[in-house]
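4 protein chains.
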Amino acid sequence: MTIAFVGLGIMGSPMAANLVAAGHAVTGYDVSAERVDELVARGGKGASSVAEAVTGAAVVITMLPDSPQVEQVAPDVVEHASPGLLYLDMSTIRPETSRWVAGLAAARGVRALDAPVSGGERGAIDGTLSIMVGGAAEDVEAARPVLGALGTTIVHVGPAGAGQTVKAANQLVVGGIYGLVAEAIVLLEASGVDPVAGLDVLAGGLAGSRVLDLKRHTMIRRQFAPGFRIDLHHKDMGIAIAAAREAGVSLPLTGQVAQLVAAARAQGHGSLDHSALLKVIERLNS
Amino acid sequence: MTIAFVGLGIMGSPMAANLVAAGHAVTGYDVSAERVDELVARGGKGASSVAEAVTGAAVVITMLPDSPQVEQVAPDVVEHASPGLLYLDMSTIRPETSRWVAGLAAARGVRALDAPVSGGERGAIDGTLSIMVGGAAEDVEAARPVLGALGTTIVHVGPAGAGQTVKAANQLVVGGIYGLVAEAIVLLEASGVDPVAGLDVLAGGLAGSRVLDLKRHTMIRRQFAPGFRIDLHHKDMGIAIAAAREAGVSLPLTGQVAQLVAAARAQGHGSLDHSALLKVIERLNS
Amino acid sequence: MTIAFVGLGIMGSPMAANLVAAGHAVTGYDVSAERVDELVARGGKGASSVAEAVTGAAVVITMLPDSPQVEQVAPDVVEHASPGLLYLDMSTIRPETSRWVAGLAAARGVRALDAPVSGGERGAIDGTLSIMVGGAAEDVEAARPVLGALGTTIVHVGPAGAGQTVKAANQLVVGGIYGLVAEAIVLLEASGVDPVAGLDVLAGGLAGSRVLDLKRHTMIRRQFAPGFRIDLHHKDMGIAIAAAREAGVSLPLTGQVAQLVAAARAQGHGSLDHSALLKVIERLNS
Amino acid sequence: MTIAFVGLGIMGSPMAANLVAAGHAVTGYDVSAERVDELVARGGKGASSVAEAVTGAAVVITMLPDSPQVEQVAPDVVEHASPGLLYLDMSTIRPETSRWVAGLAAARGVRALDAPVSGGERGAIDGTLSIMVGGAAEDVEAARPVLGALGTTIVHVGPAGAGQTVKAANQLVVGGIYGLVAEAIVLLEASGVDPVAGLDVLAGGLAGSRVLDLKRHTMIRRQFAPGFRIDLHHKDMGIAIAAAREAGVSLPLTGQVAQLVAAARAQGHGSLDHSALLKVIERLNS
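Going line by line, the protein sequences match chains A, B, C and D.
Residue numbering for the first sequence follows the working numbering, beginning at -1 and increasing consecutively.
Residue numbering for the second sequence follows the working numbering, beginning at -1 and increasing consecutively.
Residue numbering for the third sequence follows the working numbering, beginning at -1 and increasing consecutively.
Residue numbering for the fourth sequence follows the working numbering, beginning at -1 and increasing consecutively.
The hints are simulated quantities; they were obtained by calculation from the structure and are not laboratory data.
Just so you know, not all the hints are guaranteed correct.
[What the hints assert, rightly or not] Restricting the straight-line Cα-Cα distance to at most 27 angstroms, the calculated cross-link-like pairs of lysine-lysine (BS3-like) are:
1. C:Lys233 / C:Lys277
2. B:Lys233 / D:Lys277
3. B:Lys277 / C:Lys43
4. B:Lys233 / B:Lys277
5. C:Lys233 / A:Lys233
6. A:Lys277 / A:Lys233
7. D:Lys277 / A:Lys277
8. D:Lys233 / D:Lys277
Please model the entire structure based on the sequences and the hints provided.
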């Protein structure tokens, strides 16, 4: 399949490479020419504009930092789209923006899906991402062969924007669990209890979680090499808050978690793993 | 071993029965004579006072509702203790109270442990409780044969009071995860996303947790038969807040979760499962 | 002075009328022709577009609902500006948008100020608004004669955007005080204490506030006729959260207050006075 | 009138002195003999036990640090009470403890009132305290001549415990306003806005409060000499949380404010003025 890939950053670059490796004809574009060259070196083709990349492609994938970039690129994609184009925006952005993209696309006969991912750089490299897809069921089916080269879990969760909403829900739960585990560690340590033994018990019972399974030992040792950076989780909590506002709902814990993640960033931990939320709870107590 | 068991409620009754079944000579006492009769029917002996139960026992187990009951019973236990008595308080109470019990006991040569449990009525009946033990290592070793009849996970987590601190940490994390999952459900539903598909994705990734594994389907269906009641979780959040205060630490999410659980109770859901925290987030939005 | 006034809503309409009454030549524009007619009936002139209103004016005032409207109107204002135009945006919007307007204006020699107000419809009618002005000191001085017809307190608080930041700070404090007073009322009533006597004591001491002075009796009687509507306070809390994010700071109480105000709206109280935050705290407890 | 005064600390000492100055025959007792000597030097009499002080007195006033001290002293007071004794506990404690004292007293024909104060050391010295009184109306009337020597505002707010509830409500509002003002300052400063000008605007509008009137300049200058210490406000927030629990209500902002005040203490600011809550919000952001 001829695929245009726009946005060759930390995530987009290995994703595009996986599509090449799966036998697709991938034309990449990025604001950084260097990154385009990297894709060419891996067997893709390079383009010098969104328009050039998109022209003639059967599938367009965009993997961009945030809503403003998607708002800038989407009109270009739609304008140069071939008839029946499948347009997969895999960026993590506000559900509202995804619905706007879907409307823009529909008006021009383009089939748009929002398909944000979780699994991080590791998952992008290994092709083991979880992909949450919003849009029409038949378009999701059409996209499966392509998405299958990028991830192992591909779930159609609802109409346009639904992928972003699920991603937002995922991030608010993950951020909140980090905060709770951080508070547990601070309580245990301040009480003279061995946190390793204590969290082992928690991990084995109803308090158990993937976060405890994967991160409790590094958190206790204060090892915060990323992983998924605080800066990105801060962006995602902003999306969660915006998504709640768009949906007209009040989410009190989410509101609190967003401020704690913002504190991690304000304290200069933006480049650390999101488990560094522990540093915020610690600093509150020292 | 001759064991005195004080407090034959929903938890204590099956625990005492398991000790009988394991071959111990168990003498039970409860303020309700009926419950004592039940134990006798299962092969135990009955006592008409704490003093009578404790006199001559090698091990005393107390399983009481809250700190005030422990404060009332502990002096009686210590006064009538045989030399070298092993005194296991398995109630969930404030760490401070457990340390007070330990001091009282030590002054009379009694070896006290705090050994709160998780796993609920089901775990008590099946003998599969998780037991968090605080106290001296050698006393924990001495208690293992007895505790082994009650639970499958027995972890020594630290000095006197440490068992309670770990239990408090467990409950704050569990309560918080219920709140986060509740907010995720409310966000998904208000956004027109199928919560079943959405939570399936969350359960499979970094947002995954025992709570999502066991409770997401009943939460989405609004089935809140207990399980572990809101009333008990409200009591436990009170202990968590008190434990933080005793340890001199600030736990912002815990403070918030405690108020949400209090709201569930104020709304009349005290007898529902603690997953009914969802009803609080829903009511906030309707 | 020839003044163009864009946005003749609940606030803008009486403000424009006050400028007419003060002897200025006011040309009004609004998307609703009816509102323009009303201004004409009061002695102003009408325009059928932003461009027409702005052309030839020495001062332009915009009073619009939110950032998107300002983003739409500002380029039009700047494009048709006379040399040295004084452009006062009195809308309550994000500080970031005000800084963008200021940049746009500066590039064309237009002197822009952000000048949001507090005091509500009453203050707009009576000409007693408080006006928080951001921009260059000499431009603020130039604007004083015009602003003096609209408000009694005109404070220059800093550079471009500063007016909006102060307005955001004002609204987060006001929203928070409503929440605190609501919690005090719920606590007093649930404890069997007369809230009138109780709040009288609070009003007379360190807990005293303008909110207690003006609203405690209506809150206790559950009279929530606006006043300043929940819907608008919800919009303003969104601005406060955005302002914190732009400034890179974590504001935990603000995050919580924003969710409580969102709950008031989700519960259908958007048209009530913002003191109806009490209904959220009540509903949490019933 | 013959008055026994138990508890001659920072507050009790000047209060007892004011009673002496008003012509009452005051017999003081404190665990510190030095403080008793000070009262004697000011014209009072000294006692070497609660029993000795209380015997023969028409009025007993207790001014103690917290609930446990009141629980210890109250039985002594009641036991040695003259018939018809008026017993004013002016300590700030849990409403539940005050109701327990009232019950204990009633059983022995003692007329007990809870009468906590606000106004701090300054108010105690100047005799300008605000006094919130819970108990029977006729007992409050009987106490007015005595209370009039201690404070200028004496309000009967309800039955036994009501004084404490109002004090708790007062402290949660005061603590919350400090937190909100702190967040406003941090937002203004991080946005490059002069906080003096900004808070002047807030103080003049609906965001205005006694806290802004009295403390905004010292807060902006980071001058935190007490005043009312964080340690005491931490104690009072504990009472507010306990009072909410006793009343069966959920108070989300109060829960959050309690944790922020706990953080101030954990950070070592216990001896600073409670306006030092600003340091917690600052530290969260640096």
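Each hint, compared with the structure:
Between the alpha carbons of Lys233 (chain C) and Lys277 (chain C) the distance comes to roughly 19 angstroms, so the proposed pair stays at or under 27 angstroms and holds. Distance check on the hinted pair: Lys233 (chain B) and Lys277 (chain D) sit about 32 angstroms apart at the alpha-carbon level, beyond 27 angstroms; violated. With a CA separation close to 55 angstroms, the supplied pair Lys277 (chain B) and Lys43 (chain C) exceeds the 27 angstroms bound. For the proposed pair Lys233 (chain B) and Lys277 (chain B), the alpha carbon gap of about 19 angstroms is at most 27 angstroms, so the pair holds.
Between Lys233 (chain C) and Lys233 (chain A) the CA atoms are separated by roughly 21 angstroms; this keeps the pair inside 27 angstroms, and the hint holds. Note on Lys277 (chain A) and Lys233 (chain A): the hinted pairing holds, with a Cα-Cα distance of about 19 angstroms set against a maximum of 27 angstroms. With a C-alpha separation of about 17 angstroms, the suggested pair Lys277 (chain D) and Lys277 (chain A) falls inside the 27 angstroms cut-off, and the hint holds. Among the hinted pairs, Lys233 (chain D) with Lys277 (chain D) is consistent with the structure: their alpha-carbon atoms are about 19 angstroms apart, no more than 27 angstroms.
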